[in-house]
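Student: Read top to bottom, the protein sequences are chains L and W.
Under the UniProt record's numbering, the first sequence has 331 at position 331, and the numbering climbs by one with no breaks.
Under the UniProt record's numbering, the second sequence has 8 at position 8, and the numbering climbs by one with no breaks.
Derived by calculation from the structure, the hints in this document are not laboratory data.
No false leads were slipped in.
Any copy, or any two copies together, can satisfy a pair, since identical chains are not distinguished.
In silico DSBU-like pairs for lysine-lysine, Cα to Cα no more than 30 Å straight-line: (1) Lys-118 <-> Lys-259; (2) Lys-233 <-> Lys-259; (3) Lys-233 <-> Lys-121; (4) Lys-118 <-> Lys-233; (5) Lys-121 <-> Lys-259; (6) Lys-2 <-> Lys-118; (7) Lys-346 <-> Lys-118; (8) Lys-121 <-> Lys-80; (9) Lys-259 <-> Lys-226.
There are 2 protein chains.
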Amino acid sequence: MKTAAYGVQDATSPVAPMQIDRREAGPHDVLIDIEYCGICHSDIHQARNEWGGGSLYPMVPGHEIVGRVSQVGTHVTKFKLGQLVGVGCMVDACRHCEDCHAGEEQYCEGTVFTYNAKDPKHGGLTFGGYAERITVDENFVVSVPENLDTKAVAPLLCAGITLYSPLRHWDVQAGQKVGIIGLGGLGHMGVKLASAMGAHVVMITTSASKAADATRLGAHEVLISKDAEAMAKHAASFDLIIDTVPVAHDLNPYIGLLKRDKTIVLVGPLDPVEVHGANLITKRRQVAGSLIGGIAETQEMLDFCGKHNIVSDVEMIEAPYINEAYTRMLNSDVKYRFVIDMTSIKA
Amino acid sequence: MKTAAYGVQDATSPVAPMQIDRREAGPHDVLIDIEYCGICHSDIHQARNEWGGGSLYPMVPGHEIVGRVSQVGTHVTKFKLGQLVGVGCMVDACRHCEDCHAGEEQYCEGTVFTYNAKDPKHGGLTFGGYAERITVDENFVVSVPENLDTKAVAPLLCAGITLYSPLRHWDVQAGQKVGIIGLGGLGHMGVKLASAMGAHVVMITTSASKAADATRLGAHEVLISKDAEAMAKHAASFDLIIDTVPVAHDLNPYIGLLKRDKTIVLVGPLDPVEVHGANLITKRRQVAGSLIGGIAETQEMLDFCGKHNIVSDVEMIEAPYINEAYTRMLNSDVKYRFVIDMTSIKA
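In isolation and in its complexed conformation, chain L is listed as follows:
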C-alpha cells in the first residue's frame, strides 16, 4: 500500500517527503501504524553513505520505531490489533544459525536490517521508520509497556538495547562500579539503565559542564577524563566501562581504570582506537565490542524499562525538521535524542 515517508534519494540529497510501498500483512506479519521514530546517529551516516560505500538508495532511515498494530496476519499469535509495539534495527535474520538459535540475531550473517538492506524474502529494499507505517514479521516485533511515555520509548529500540545488552552480557551486579564514557544518546541511556540495575554509576566525560545533567540522570559520580589526578584516583577500580564515543580517541587512559579481568566495551566507536598491549596485559583486561541486542533481549529490556519507568530524554520534532535535527546532532546539540512525531508526516 502507498505510504508517506521521509527519506533520501542519494548520498547528497536532503531528507525529503517520498512515497513508498508497504506490503499488506502476510500470514506472519503485523502492520504497524507508526506513532514515533527516534533519530539515531547511524541514520545520518547511512543516509550520507559514510560507512564505506554500501548505502542503498532510495533510503528511508529510522530504526527506533513505536506504533500500534493495525493489521495482523492470519498466523500471528503474539500481537493483537491496537497493541503498542516497537521495531528496532532488525526485521529478519536467517533463523537457523547458531547465533539465531542463541537469540543473538544481531550477529547472524543473514540479519535483515530495518532499512538500507536488501529484503531477501519480499524483494527490493527495506525501508525504515520515517514513515506512516511498516509491515514486519511478528518475530521481529516487540511489545511496549503501556505505562511508559510512548514518545520517549522510541530510542529504547536502538540506544536503549545497545546499552542494556552489554550491561547484561557482562553481568553487572548491584554495587558494582560501572563507567559510562560520553553523555549523548547512548550514554544517557547507559546511566539510567546501569543505575536501575543497582550499579554505582560513574559518568566519564571530557566536559565538566555535563556533571549536573549526569547526576540528574542517575550517575553517582562524574569523572572528568582530562583531570589526571581524578583519573589516577579511579585507577583499577571499575568492574565494567561502556564507551559510547563515536569518534577516534585514545582508549588507554580508560583501560587503566579497569580492575583485573574486567572489560571496556565499545558500542560507539567507528574510527580506529589505539590500544597499548601493556595496559591490557598487566591486569588481563579486555577491550570488547557489542552490537545492539537480540529480539528476546530487546523485549526483556522494554519490560525492565516498564518496571523501572525508564525512557529516553527526548526532544520532539516534526518530519520537516529532520535535516536541521541532523545538523544539530552533529554538534551534540540535543538532550538526548530527537524523536519524530509521525502524525506530522500523515498531515
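With chain L fixed as given, assemble chain W onto it according to the hints.
Tutor: Same frame as chain L, now just chain W:
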C-alpha cells in the same frame, strides 16, 4: 654468600662476569644451585633500559631458572635437599590482596620480580638467574618433574606459563580451533601446549618458511597471514587466538578470524596496536592481554608438561656467549630459546 654471576652495570654495557651476594636460606627460603637459565626477550629490554627508564643497575637478568635445592630453611615444608626446582618471573608478592588470594600473584601491585626490582624484605635489588645460585622463598619456587629434559625445562618458567595461562583462562577444550600468531620462543610453546590440550592448532605466520617447523611442533594447519584468500577462508572460525608478536602490527585481520564472543589474547605486544571498533562490535569479539601466570598455575603447567613430555626447543650456550645470543635473538635467529648452561659460570 659471594656468588658468580653475569650481568650489566648500566644500559650500554655488555653482559659480563660480576660478583653478587646471595643471602643464606632464611626460615622460609630454599637456596638453589642453578643448572640452567633461559634467555627471555625481556632480559634484553630490561638490560638495555628499553622499558621506559625503569631499569635498576647493576642488573643480573634471568627468570627461567632450573636447579637443585642445596639449602632449606628451618620452616620449609615443600622442598627437600637435592630436589629439582624452578623459579620464574616472581620471587614474592604482597600475599594479602585479592590477586594473591586468587592465586594470581602476577597481577598483585606488590609483586617482586626475580630481577630488576627492589627487594622490600631483604633490601637492595633482586638479581636473576644468570648466576651460580639463588635464594628464594619456598612459596615462589615450583617443583620440576624429573622425567623431563632438564635443560629444556628452563623456558617453561616464563615462555611456557605465558602461553599456558591464557589457554587455561580462556578454557580451551579438545576440538576447539586455536590460533597462535608468531613462531618464536613464546609461539612454539603455544603450539606444543595447545596441541597437547587436544585443540586444533593453527600456526598463523607471515612466513611460509615456518610451515614445516610448525607442523613438526604440533600445528595442524599453517595460515599465512599475508594470503588474503586463506585468511578469508578462516574468517570467524577461531575459538581463541594468542598473539605472541612483540612489535607493532595491525590486529584487525586477526580479529576477523574470531567467532562471535571469542578472544584474541596479546602476550607479546609492547608497541601499540590499532583496533577497529567495528571488527569487535560486529561479533562481540574481545582483545585481551595476559601476563605470565600465578605460582600454583605454574606448578600445574609443569605437571602438565611432565605428563605430556613437553619442553622447549632450545639451543644451549655458555655464559660468555650471552651477548652474541642477544644479537641473534633480535634477528629471530634461534630455535626457539637460548638456555645458558650454568656450569659454564662456575668454572
